[in-house]
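Number of protein chains: 2
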Amino acid sequence: MPIPIRGPLAIPFRVFGITRSKMNPNICTICERSFRYVKKQQHISTTATILFADIRGYTNLSERMDPIAMSEIVSVFQDQCARAIWARDGIVNKQMGDGLMAIFNFPIKIERHAEAAVRAALEIQRRCGAALAELAASRGEAAADAPRVGVGVHTGQVEIGEFSTFRSDFTAIGGAVNLAARLESQAAPGEILVSAQTAEETADLMAGAAARSFALKGIERPVAARVLYASR
Amino acid sequence: MPIPIRGPLAIPFRVFGITRSKMNPNICTICERSFRYVKKQQHISTTATILFADIRGYTNLSERMDPIAMSEIVSVFQDQCARAIWARDGIVNKQMGDGLMAIFNFPIKIERHAEAAVRAALEIQRRCGAALAELAASRGEAAADAPRVGVGVHTGQVEIGEFSTFRSDFTAIGGAVNLAARLESQAAPGEILVSAQTAEETADLMAGAAARSFALKGIERPVAARVLYASR
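If you're matching them up, the sequences are chains S and L in order.
Just so we're aligned: 217 in the working numbering is position 217 of the first sequence, and the numbers increase by one with no gaps anywhere.
Just so we're aligned: 57 in the working numbering is position 57 of the second sequence, and the numbers increase by one with no gaps anywhere.
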């Protein structure tokens, strides 16, 4: 039976804390809760695609821009990213100021999760590119000076669970998550760095994408990735 | 009137979504919600102390350790940090895998928030040092090889608000938040890096703490900080 997560029919469910998931408004918190009860001690090990995105040069920006302008930039970024991720059935698992982490393939199963994540990454760049340029223009700044976003995408084995006895929000951890985060940290403004593992699953989308190799902090071997740009 | 956030009296409140805050179990979600309704568009600008902590070398660890061991380490870390932060009336605002961000002075006002944060940082190092060594010993590893934690603390002006129209969890942003994060990223295992601004407010705790200067990504001038260690 589908659970009403919007409208008056949803009210009785709220007594039990069942409401729309903050991570994706198309699922309810049962997805998160059932997981909690069933898997309290164990963690699920699954293949997923992890996407990290952030505003490049944000620390530098925050040194010279006023706080209101900075918060507008963060809001536009978070909202545009969430729309792009949800449109591909991913969840916004973590928002950390000027950055976020999304999971594709949990709790919503996606057959082609690598492709879903890369398409979401392209959409993030398109949406953020347009919206942040518009915001800059509204402040009388040149659109070319608008902040840009960096994205990193990697597919691999992750541990999904709740890694805190106090707090019940699930997340993904493991080497694959860190690799996605490290890749993202190397993305230049406007770039999407796609790991070799993700690129292998998304050959159609990699036409013309340059190959680059990265020395990433904490990872011994160089990491091969493809560099992707969204067409405006 | 105090709101019951535990026990049977708390049940009717749950209908309205009023429950214990995940960020600090001693406050209820009204703290978060009242803020949301009153300050939908505006953000509060306030002085706060921001604390970042993470497991040093986690990416490297996750390359050679099995996922179950990794998730145990993360759980121990998150739980011990939360206890230390709550004991000083701070809130655990963000948990990101092997890291977290805490805020001192919002929503719980703390007169000496710099001191509360530094004391929490010392307690984090003590608790994590002991608990992670114990965990290593239980796996038959040398306690000296146990992972260690890095902490960064900075006091300054931050913007507090909800920087996403979809998701209603508040956070702090601004240059001061990024400085705390950047300091933390420079902390060696076992170290607490305390910014000059925080150190000024906590002179009593800085006796014998070495001064060091850091070139931080995105910040033009070198940043002065004190290096603190917890006694075991």
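Please note: incorrect hints may appear among the correct ones.
Any copy will do: because identical chains look the same in the list, a pair fits if it lies in one copy or spans two.
Said to hold, decoys possible - Taking lysine-lysine and the DSBU-like style, the derived pairs with C-alpha atoms no more than 35 Å apart in a straight line are:
{"no.": "1", "residue 1": "K109", "residue 2": "K217"}
{"no.": "2", "residue 1": "K109", "residue 2": "K94"}
{"no.": "3", "residue 1": "K94", "residue 2": "K217"}
Rather than coming from a laboratory, the hints here were simulated on the basis of the structure.
Exercise for the section: Sort out which numbered hints this structure fails and list those numbers smallest first. Expected result: none
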